[in-house]
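With chain W's structure known, arrange chain A on it following the hints.
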Amino acid sequence: MSAFDSQLWQRIAAHTIGPQDAALSFSARLARENRWSPAYAEAVIGEYMRFCYLAITAGNEVTPSDAVDQAWHLHLTYSRDYWQVFCPAVLGADLHHGPTAGGPVERARYYHQYADTLAAYEAAFGEAPPRLIWPDAHRRFAVDPFGVRVNLRNAILLPRRVALALGFLAFVVGWLAGRIM
Amino acid sequence: MQLFSSWTGSDFLLFYMVLLATCGAASWFIAHRLRPQGRFGESHEPEDIALLAGGSGRLADSVLADLFARGALALALGAKGKLAVAQATVPASPAGRTLLAVREPFDPDEANRMLALHTTRVVARLRREGLLMRPEDHARLRWLAIAPFIVLILIGLYRERAGSALGEPTGYLVILLVVTALLAVVRFVRVDPRTAAGIAAVNGLRRQSARLRRAPQPGEAGMAVALFGTTVLVGTPWEPVHAMRHPNSSEGGTSSDSGGSSSDSGSGCGGGGCGGCGG
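So the protein lines, in turn, are chains W and A.
The letter at position 122 of the first sequence is residue 122 when you use my numbering, and the numbering goes up by one with no holes.
In my numbering, each residue's number is its place in the second sequence (first place is 1) plus 1000.
Hints listed in this document are in silico derivations from the structure and should not be mistaken for laboratory results.
Since we're looking at a predicted model, the values are computed, not measured.
Glycine included, each C-beta is placed from N, C-alpha and C at the ideal position.
Please note: incorrect hints may appear among the correct ones.
Label pairs and their computed distance ranges (CB to CB) [said to hold, decoys possible]:
(1) Ala170(W) with Phe1015(A): 39 to 47 Å
(2) Ala1181(A) with Leu132(W): 52 to 60 Å
(3) His1032(A) with Ser37(W): 35 to 43 Å
(4) Ser2(W) with Phe1188(A): 34 to 42 Å
(5) Ala1162(A) with Gly167(W): 18 to 26 Å
(6) Arg1039(A) with Gly126(W): 24 to 32 Å
(7) Val1186(A) with Tyr40(W): 38 to 46 Å
(8) Leu132(W) with Leu1034(A): 53 to 61 Å
(9) Arg1207(A) with Tyr40(W): 44 to 52 Å
(10) Arg1039(A) with Pro88(W): 38 to 46 Å
(11) Gly46(W) with Arg1140(A): 50 to 58 Å
(12) Asp5(W) with Gly1071(A): 37 to 45 Å
Okay, chain W solo, but in the shape it has when bound (with noise of 0.2 Å):
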């Protein structure tokens, strides 16, 4: 029987997140927090929905992705749903979230976690996570960790590229302009 045909994933599947007439929906709150895309927000949730259903039937600790850590973060911060509903009656049991106590033992756990996410992932739903959402290791220890929360009232944010070449065409502007006068 594949993931799809039981009863656990049929559960999972029907279970929608928050108020369904919220004027901010979870999905919405959700892309908004993080600034995706509506769609690519919907595909998080789909992911966390799978990810549940492997927290539930791998056997053994499961880690996400950032992507769909951030859907698990903001279904908690959802505590009656979380606590009371999705747990309780669509999971069956208590799915607790455990954020890395530092250090390599650590980091070495947490990577062999994922790994085993990913191959019990793809025996389950038989094919490979999407890639845009479940990243490889190096994307998802060494550069995920990197996002920090901003206020787009307060600041500009610029991809390091741009930042990169408008600083060097700064330079290269001040430079002729110096040379000209």
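Leaving out everything else, chain A in the frame of chain W:
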């Protein structure tokens, strides 16, 4: 009547450059179409795939990664950039056992040399299985692949001699001839020794094993490196094997320890021993 006698030097140079580009395309086309088909088998041993995907160096890297990921090898204490045997009793392939029998620390290049005999055996096996070309087929394909360049060089030499005889400057043409000769040498050296079946086997496995490129499990590290090179080890606990091969690589440096969270499902742990996961 002399060929190209009515052409100016610049006309001929332009013509030559167009022919050079055409020769590059023709060389690729010849190597693609005339490559022996081979036999589509089921050779999925990591060492076979490593040699097919990246040559002897890749085979050594694959064996090292496999042994390192399974704890048989570790970083040598007091010998920077070298590995030493940590557990000689770990089950290993014949190539792996060769390295596990070494008492002194060694680096990847030394491992490559120590596995030379094994590499020769793998090459022979892949030729028997129809995944690598036989030497005579490979040599024939190499000569065919550079045949367009040879013809072009002959045409260019003819024009250069004729131009020199008339006292015309031929410096740019000589430069183009040298470039053509260099391209021919590079092409000759780099003609892929695999049969069409060998290339298809590697490409097929790469498609099937996309997950290994992201986060291989310890038992998959050897195959992951075989298919994709040591770059797949960046971000894994086995990154030192990649760092040895690419000491100046800008990738890596996964010192962050803030990147994890995990689930602790009560039903998944069994025995009720999963408390204290924090949150």
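How the hints compare with the structure:
1. As the Cβ distance of Ala170(W) to Phe1015(A) is approximately 46 Å, the hint placing it in 39 to 47 Å holds.
2. Between Ala1181(A) and Leu132(W) the CB atoms are about 46 Å apart, so this pair departs from the stated range of 52 to 60 Å.
3. Distance hint check for His1032(A) and Ser37(W): the Cβ-Cβ separation is about 40 Å, which falls inside the suggested range of 35 to 43 Å.
4. Between Ser2(W) and Phe1188(A), the C-beta spacing of about 51 Å breaks the proposed range 34 to 42 Å.
5. At about 55 Å, the CB distance of Ala1162(A) to Gly167(W) disagrees with the hint of 18 to 26 Å.
6. Restraint check, Arg1039(A) to Gly126(W): a C-beta distance of roughly 29 Å satisfies the suggested window 24 to 32 Å.
7. Take Val1186(A) and Tyr40(W): their Cβ atoms lie about 43 Å apart, and the range 38 to 46 Å holds.
8. For Leu132(W) paired with Leu1034(A), a C-beta distance near 40 Å fails the hint of 53 to 61 Å.
9. At about 25 Å, the beta-carbon gap between Arg1207(A) and Tyr40(W) misses the expected band of 44 to 52 Å.
10. Between Arg1039(A) and Pro88(W) the Cβ separation comes to about 57 Å, which falls outside the hinted range of 38 to 46 Å.
11. Under the hint 50 to 58 Å, the C-beta atoms of Gly46(W) and Arg1140(A), about 53 Å apart, fit the expected range.
12. Between Asp5(W) and Gly1071(A), the C-beta spacing of about 39 Å keeps the proposed range 37 to 45 Å intact.
The earlier numbered hints that this structure contradicts are 2, 4, 5, 8, 9 and 10.
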